[in-house]
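Colleague: These are the residues of each chain, in order.
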Amino acid sequence: MNANPESKAGISKPGSATPAIEVEGLECRYGDTVVLNGITFAVRDGELFFVIGGSGCGKTTLLRHLIGLMKPAKGTVRYHGENFTNENLAARRQLLKTFGVLYQSSALWSSMTLRENIALPLEEYTTLNRREREEIVALKLAQVGLAGFEDYFPAELSGGMRKRAGLARALALDPRIVFFDEPSAGLDPVLSRKLDELILQIRETLGTTMVIVSHELASIYALADRVIMLDHDARGIIAEGRPRDLAATSNDPRVQEFLTRRGEEVGTA
Amino acid sequence: MSAVPTPARAEAAPEGEGLVINLGGAWRITQPLPAWPKVLGDSRPHAVRLRMDGVERWDSSLVRFVYEVQDWCRAANAACDTTALPETVRHLVEQLAQAQEKRVPSDHAQNILTSVGLAATDLWRQIRDFANFVGECTLSAISLMKHPGRFRWRDCLSEMQQCGAMAVPIVSLSSFLIGLTLAYTGAIILRQFGGDIWVADIVGLSTFREMGAVMTGVVIAGRTGAAFAAQIGNMKTGEEIDALETFGIPPVDFLVMPRLLALTLMTPLLTMYANCLGILGGMIVSASVLEIPPSAYWVETQTIIDLSDISVSLIKSVVFGMLVAVAGCLRGLQAERSAAGVGRAATSAVVTSILLMIVADAIFAVLFNVLGI
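Heads up: the sequence lines are chains Y and D, in that order.
For the first sequence, counting from 1, position 10 maps to 10 in my numbering; every step adds exactly one.
For the second sequence, counting from 1, position 118 maps to 118 in my numbering; every step adds exactly one.
No lab work stands behind these hints, which were simulated from the structure alone.
Be aware that one or more of the hints could be misleading.
With a straight-line Cα cutoff of 16 Å, these simulated EDC-like cross-link-like pairs (lysine to aspartate or glutamate) come out [said to hold, decoys possible]: (1) 71(Y) x 24(Y); (2) 102(D) x 151(Y); (3) 38(D) x 68(D); (4) 71(Y) x 32(Y); (5) 74(Y) x 24(Y); (6) 102(D) x 134(Y).
Turn these sequences into a full structure, and let the hints guide you.
Modeller: As structure tokens, then:
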């Protein structure tokens, strides 16, 4: 307990024994069609974890199951050791507070200003008064580089700004885990790199666990601590590890094709 | 799960002229948090020193607390020492302080002259937009008459089914009930004079000359006008209208004309149907309450309704159908590109349609009076 305060700072305690997310034997279906089968993996606290794979391999489906938008046919998802797939609604609601989601289209509520967008979860889940909430909103917007944009409506912002505002909203309750669905979709390479830097910076300051669904090689190589790769035909995970290790050592042609298609260019860029 | 975290705490301890604030426990924004005024109590220190050795975990709530302490110190002219806090916390507090400085208080209040002026220019703009749109539709209609092959007949037919056949149940119910109500109201007075049979005249005339067309108009405004606005507004949000424009297909030809023709043709049919059901409603009340045989009611109706009443109903319904279609499509094309914008477009389409129908109805009343129809 008497270590230097720096090491205790942050939302999560890196290196804690319980994984942030544990997925065991997850089966995802659309009706009778099995999309993913036997998915098992764990994400460590404070890790930058990527779910990668070609289009249509079930990345987003997996994400929707992890965040509770779809109910798994089989298997369990645990957050910090607590079961998320059980039926208890109150317990699920408690767990919902511990993660934030940045949707592909940002999904900001269009009839509300950025202030109202970020303040809504704070109103729902905290006892902060109005002034305190506004200070948190200001801090969140400042963290994503949008200080002073409180009174803007989402429609008045550019795509990159909307993405950052969506991130500010995902961070509103200081979640221990943040999920990203294709964060660089619709952004140019420069904006995409800036968003990557922002993700790294937030992880450094807050120690947040990040799960990112993406097929952007540049981001995968720049950010990922570890990746799992999904495949459409295998309906499951075909590779797991650090992206550079996988590119160097994997014998699976599907992994090689995906990771080294432009891997050389990215490496030298 | 690790052991249950201790609640966040902030304890003040005197230190010479000032206070040391010892922060401890787990600071989670979703949990109860200490309030600075309570921690401070009655003391008014000259200096405040913050320590967070006992903090197990922290988030924005701690950053905000430190900011509040700093803010209080600035106002109270007290020294605030945060050097014992980790660098990350100080950096975030600094970020929050800068963000607060950048904030411009939003004041959208306007004085009454500005509001009136803005409302007037807005009204003028709306009238101009409407006139422009009617002009565009006219030009499009002329060009489609020259090249009928370019008209989207299939879309038009499916719209006809949507706004005509599918509207029959609701039009039946509303017009039947209106006929029923008219007959009851008429009976109250006419009975006193022994003129029960004239209920047929009241129901027939008011249905054909007024209620049939107006009620059908209101129903299609709420049903079809709103649907047109929402559908076209949503297409605009999804850049579908832009895609039409870049293919060189005028949205008016493609989207508006089929709907306009469909509604202009279907509204008179629905209105004639509504008129008949209105008379049926009156007939049932007369037969059951006033004991007038349906045959007598029918004969009386035939004496009062002539071709001019039927043409009044037809003319009105054609115009109402056009107005609803134009208002619905125009509001859809004007919609802002957001969910809220589409909602506003649908509302505005209904309001505009009903307003225009009432104005048109008043003009018709004067016109028919002058012409003696």
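Colleague: It remains to establish, for every hint, whether it holds in the given structure.
Modeller: Evaluation of the provided hints:
A distance of roughly 14 Å separates the Cα atoms of residue 71(Y) and residue 24(Y); the hinted pair therefore holds under the 16 Å criterion. Between residue 102(D) and residue 151(Y) the CA atoms are separated by roughly 13 Å; this keeps the pair inside 16 Å, and the hint holds. At roughly 13 Å between alpha-carbon atoms, residue 38(D) and residue 68(D) fall within 16 Å of each other, so this suggested pair holds. This hinted pair checks out: residue 71(Y) and residue 32(Y) have alpha carbons roughly 14 Å apart, not beyond 16 Å.
For the hint linking residue 74(Y) to residue 24(Y), the alpha-carbon distance of about 9 Å falls within 16 Å, and the restraint holds. Our distance criterion of 16 Å between C-alpha atoms is met by residue 102(D) and residue 134(Y), whose separation comes to about 13 Å.
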